[in-house]
Amino acid sequence: MTASRRSQRGLDWLNFFVADVQTGFGPFVAVYLTTQAWTEVQIGFALSLGTLTAMLSQMPAGALVDATRHKRRAALSGLLGILLAAILLAAWPATLPVLISEVLHGFASCILTPSIAAISLALVGRAALGERLGRNTRYASLGGAIAAGVMGLIGTYLAPAAVFWLTAALTVPSLWALASIRQDDMAANVAAEQVQAHSPRGRLRDLMLDRGILVFAGCALLFTLSNAAMLPLAGTAVTRAAGDEANLIIAGCLVVPQLVVAGISPWVGRLAEEQGRRLVLLVGFSMLPLRGLLLAVVQEPYMLLLVQALDGVSAATLNVMLPLTAADLTRGTNRFNLCMGFFGLAVGIGGTISTGLAGTVASWASPELAFAMLGGIGLLCVLLTFVAMPETRPTLPAEAVAAS
Amino acid sequence: MPIAHASPGRTSCGVLPALLLLLAGFSLPALAAADEDEAESAPVPPISQETLPKDSTFRVLGSDVKGPSGIVVGQVVNVLVDESGNPRAVVLDYGGFLGVGKRRIAVAWPMVQFGAKGALLSLTRDQLKGFPEYRDGEDTVMAATPPQPR
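Quick note, the sequences are listed as chains A and B, same order. Sequential numbering from 1 applies to the first sequence in the numbering used here. Sequential numbering from 1 applies to the second sequence in the numbering used here.
I should point out that these hints are in silico values taken from the structure, not numbers from a laboratory. By construction, the Cβ of each residue, glycine as well, lies at the ideal position given by its N, Cα and C atoms. Check the hints yourself; a few may be wrong.
[Unchecked claim] Derived CB-CB ranges, DEER-like:
{"id": "1", "chain 1": "A", "residue 1": "L52", "chain 2": "B", "residue 2": "W109", "range": "45 to 51 Å"}
{"id": "2", "chain 1": "B", "residue 1": "R59", "chain 2": "A", "residue 2": "S4", "range": "51 to 57 Å"}
{"id": "3", "chain 1": "B", "residue 1": "G118", "chain 2": "A", "residue 2": "R270", "range": "47 to 53 Å"}
{"id": "4", "chain 1": "A", "residue 1": "A162", "chain 2": "B", "residue 2": "F58", "range": "19 to 25 Å"}
{"id": "5", "chain 1": "B", "residue 1": "E83", "chain 2": "A", "residue 2": "A241", "range": "48 to 54 Å"}
{"id": "6", "chain 1": "B", "residue 1": "G137", "chain 2": "A", "residue 2": "A159", "range": "32 to 38 Å"}
{"id": "7", "chain 1": "A", "residue 1": "L47", "chain 2": "B", "residue 2": "P46", "range": "31 to 37 Å"}
{"id": "8", "chain 1": "A", "residue 1": "G359", "chain 2": "B", "residue 2": "P46", "range": "38 to 44 Å"}
{"id": "9", "chain 1": "B", "residue 1": "V81", "chain 2": "A", "residue 2": "L383", "range": "49 to 55 Å"}
[What the hints assert, rightly or not] Below, a sample of chain A positions facing chain B; criterion: calculated Cβ distance under 8 Å:
{"id": "10", "residue": "V31"}
{"id": "11", "residue": "T34"}
{"id": "12", "residue": "A251"}
{"id": "13", "residue": "V387"}
{"id": "14", "residue": "A388"}
Can you build the whole structure from these sequences, using the hints too?
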């Protein structure tokens, strides 16, 4: 049974608006709290609390989404949590509300991300998942690009709190998009997955000892360890080197990769289905050492925009391949979202260490060395994929081989 | 609980806990002694109340800073004062877009004017191009314009 056009469209827009909402919770939170006369230590504490919550809840939240038949209801509760977090932040920036908001956002995101992946899987089934994830990523990055532009302008020209009011407001179209996905389109696939809940392969211990899962988690960790600090570090370099046009260039550095992602991600999904996962992973990940090297060498601010386009290639790869690999490696079990949570945890750990590590190297040695180090970590990610990552694409059924 | 302490950012982390311990150790007996003294000697002079009109003073920490072109270019994160309490430099989170690419720099106190319309920085982005970052616990390099010869 194929999903109706209406449900597919609903999922497109859900990805679009959720990315909008999540853009608001980026590095701008620190700027906003600074304008509320928060000290650096207080801001650091609040943000770390949010990160810690997100890490601790990744796997439990994934297991929760696996366990429920109502994937839409899980996404709904995630969205409502984020709505509440945005309102708290905008309306009441005192200590306790902000801390609650950070915890709420950390947990709600951990529910929302896997439940969108679960809805995708339930709508199209495993065979067409690569293409569907490519489409998800395209809409999400378009949403992220537009939101970054609009929110940046609002933060600069209106009050900083307006950014979070807009964030809260954008959950409304997200809810509308979620509501337009029909339960009937998902029912068959969800039921089929649930039947497998007690299959012998689904034991938690087996899952955590699976070679593919461990290797990909390692790759995901190295990926963000290498990737997360590159943009902030490059942004600081732009502000230092450029005059009045600095903000425009940084805005470009945020938007260009998103546009690249939007352009290529459906193609990445299709390529992974046709040519196999390993090829896509290797090509996508190898952008990391290349970008690290270029950022260490390139000084000209406008050239950074071109270098940032490489970010789009690697980001499209990770965003499509992470859920796809999770689905591959949990075939025949009902552990898809738990596995995504595990990968999400790896991504979270890498990202958290990355910024601090690169910042320290940049201030005590030089930004160039920091970029070289980040590129080196990216090279490790490529090598790990090359040496240890198995091909996870399911062997094609006979008729598909005959047709090609 | 926005605490607006305008202390120089150079108070090292090790000093603060030690100070707190000292305070905890000494203040209790001292308070008790003060109570006894009060009963015997002359009362301490009462505190006086002064009112500053609402628009005559301005909050500094966390305020948005506008550049010469009227666009918000950063936020005040700290004020450095010398030993006699005179403000010397303003530490800013400067530049960036949506929080990405902001830099921490110090500018001389007179470079920022405070008023009802917020804080105004009289230095342009081009002037601050390539200016070294402010680092806690090291010598502060602050941006200033030379006095205008007239």
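Indices of hints not satisfied (ascending): Violated: hints 1, 5, 7, 8, 13 and 14.
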